[in-house]
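A.B. asks: What follows is the residue order along each chain.
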Amino acid sequence: MAKDKDIAIKVENVSKLFSIPHEKHATLKASALNIFSKRSYTEFSALRDVSFEVKKGEFFGIIGRNGCGKSTLLKIIAGIYLPTSGKITYDGRISPFLELGVGFNPELTARENIFLGGSILGLTRKELEASFDKIVEFAELQDFIDMKFKNFSSGMQVRLAFALAIYAHAEILLMDEVLAVGDSNFQSKCLEEFNSYREQGKTIVLVTHDITIVQRYCDRAMLLRNGKIVNIGKPEDVGNEYMLQNMSDEEKRILEEREEGDEKSVSRNKDVSITGVEFLDTEGQVRSVFKTGEDITARIHYFTKQPIEKPVFGVAIHTQDGIHISGPNTRTSDIRIPEICGKGYIDFTIKKAPLFTGAYNLTVALFDWNLSIPYSFQEQRYIFRIRSADTNQYGVVKLEISWKI
Amino acid sequence: MKSLQSLKYYGLVRELTLTDFKLKYKASFFGYLWSLGKPLMLFGVLLVVFTSFFKMGGAIPNYPVYLLLGIVLWTYFVEATFSSMASIVGKGDLIRKVYFPRIILTISASVTALITLLLNLVVVLIFMIFSKVSPSVNSPLLFLLLIEFFVLTSGVSLLLASLFVRFRDIAHIWEICAQAMFYATPILYPLSMVPGEFGKVLMLSPIAQIIQDSRYVLITTETGTVFNTLSFPFSLIPYSLSFIIFIIGYWIFQKEASKFAEEI
Chain A
1 MAKDKDIAIK VENVSKLFSI PHEKHATLKA SALNIFSKRS YTEFSALRDV
51 SFEVKKGEFF GIIGRNGCGK STLLKIIAGI YLPTSGKITY DGRISPFLEL
101 GVGFNPELTA RENIFLGGSI LGLTRKELEA SFDKIVEFAE LQDFIDMKFK
151 NFSSGMQVRL AFALAIYAHA EILLMDEVLA VGDSNFQSKC LEEFNSYREQ
201 GKTIVLVTHD ITIVQRYCDR AMLLRNGKIV NIGKPEDVGN EYMLQNMSDE
251 EKRILEEREE GDEKSVSRNK DVSITGVEFL DTEGQVRSVF KTGEDITARI
301 HYFTKQPIEK PVFGVAIHTQ DGIHISGPNT RTSDIRIPEI CGKGYIDFTI
351 KKAPLFTGAY NLTVALFDWN LSIPYSFQEQ RYIFRIRSAD TNQYGVVKLE
401 ISWKI
Chain B
1001 MKSLQSLKYY GLVRELTLTD FKLKYKASFF GYLWSLGKPL MLFGVLLVVF
1051 TSFFKMGGAI PNYPVYLLLG IVLWTYFVEA TFSSMASIVG KGDLIRKVYF
1101 PRIILTISAS VTALITLLLN LVVVLIFMIF SKVSPSVNSP LLFLLLIEFF
1151 VLTSGVSLLL ASLFVRFRDI AHIWEICAQA MFYATPILYP LSMVPGEFGK
1201 VLMLSPIAQI IQDSRYVLIT TETGTVFNTL SFPFSLIPYS LSFIIFIIGY
1251 WIFQKEASKF AEEI
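Chains as they are written, first to last, in our numbering: chain A, 1 to 405; chain B, 1001 to 1264.
Everything labelled a hint here was simulated from the structure, so no lab data went into it. For clarity, every value in this text was computed on a predicted model and none was experimentally measured. One should not assume that every hint holds.
Where chain B lies over chain A, by a calculated footprint (3+ residues, C-beta under 8 Å) [stated by the list, open to error]:
id	stretch
1	78-87
2	98-109
3	117-127
Just so it is clear, CB atoms sit at the ideal spot from N, CA and C, and this is done for glycine as well.
Okay, chain A solo, but in the shape it has when bound:
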């Protein structure tokens, strides 16, 4: 078939089953004693009937959460694991490694490591000698070439490893989460190099859980979940589906967390209490994961036996690291509440929440007018999360910004 000429990797119905013995008979004695008893296994199916094709010259991303089988799949493609069933065919020389710096020895110099690491990647001494200068130049390590690898900074180590990988002359490059290391300067250099790789008709398969890299660099992406392909196609669509999947998973978890946390409720006054907080979106739906720029409403439910005159509701928002982002209360916001009694709620809304990806803790409190009596004070008890699709800014808070030259 003419079409097959463009295919670099063809994965057909690949499944991988790990048999995890309940008791590992790591000693001969143990297995001799158990030779007649049936060994019990837990079977774990890491990949189920996975089929896809990667075209030549494509930058292909595989994305998914921890344990979804993406690394297992890459190991099978690299030949490190054998599939339980199914078949993989390649057209082109494949890089047999998944991580940078595999086989480097910290006691050797950079020069020695290039030859050692290179031969592990299947290069001959001749090939290595020919590209030695290029490798050193790319890694920007000309002055350190005879220094011991262990004395390199981690950035230098990564640079050397990446330079070697780039010059390994494979037609299909497999990479597992490599871009997480190195300074941003070097990262972009690597990605540029990937791009020129692609122009030479070489194929890159990258496994990651970073949506931004997939969306920015990949031509096509695949989403795995529990060993199955959920989606395969445009990186934007696949990335968004991954994000949605994470959102709904996290909602479940937060709900569970909250149920567990109920007994820990701290109420200073039995007659007055904040009975709970719900997070609502603009449509009034209860949610706990929001997107950057959405309105987030915290509905604070309270209950008092006696009427309280001029109460003040206060909230505080903290990051998980304990950074206090904001702490408004009704009094400083010029809201006067004459009296509350019985059951009720008050809505606190963060408009167009300018927060980036992360979890945020909400503290809610109920005071008297002078802020001297805390009727109820629940410190950092409520959690909401933000998932940001914005990749143009990093940090905690999204600022309104402009540039001018």
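Let chain A serve as the given structure and place chain B on it in line with the hints.
C.D. replies: Here is chain B on its own, set in the frame of chain A:
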């Protein structure tokens, strides 16, 4: 096709062996001399015990060199098998992250030990010159014996390395076996001291055959070898055993190799 691919990895064997050597003697003042220390020490002790106390070697011409050669060869066998046994498990990180023929690791551990043996044989040669042992016309045959020894040792190593992935007590078992084999091999004592039938059984071992043959071609023709101990068809047993053991070791290793990454 497959063997062609393995040829490509010849460079890897060399690099791994070089690295082993560099690291082994790194930052030690005497470097390689340390690996001579062990056999020489054993040699010294045994020489005193067996020439002064027991007067066992008396019948053999040039007994000290004869003893040294035996010890050096035996040391190679022990070191090669022990370092190869751990070669797969010790490089678990590499195996989980990159694909290359796994046999490379075990072979390069064997080659490292072989290089040490060759260096030690130079020392034996120096001893021979001092003891005024005149080399016989058969001396070049030592080369063939060393090839046989390497094949045998690699076979045992491959078997041990693949078993060690699954059963860690192989290390202890092998230690005991090696000790028993040391005494069951005519290294210290001349074969002539062993009562007839036992001597024949001992000579069935390829290690005994290699050590005795080496002594025969290098030092003295007045030593028991397979050919003057066993009758014709039986005398071929130790030679063929070397190669049979290699084939078994290789076969088991290759059968297990694809699962190493998961089992380590």
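A.B. asks: Next, verify each hint and record whether it holds.
C.D. replies: Hint by hint, here is what the structure shows:
no., hint, in the structure
1, 78-87, "holds (count 5)"
2, 98-109, "holds (count 7)"
3, 117-127, "holds (count 7)"
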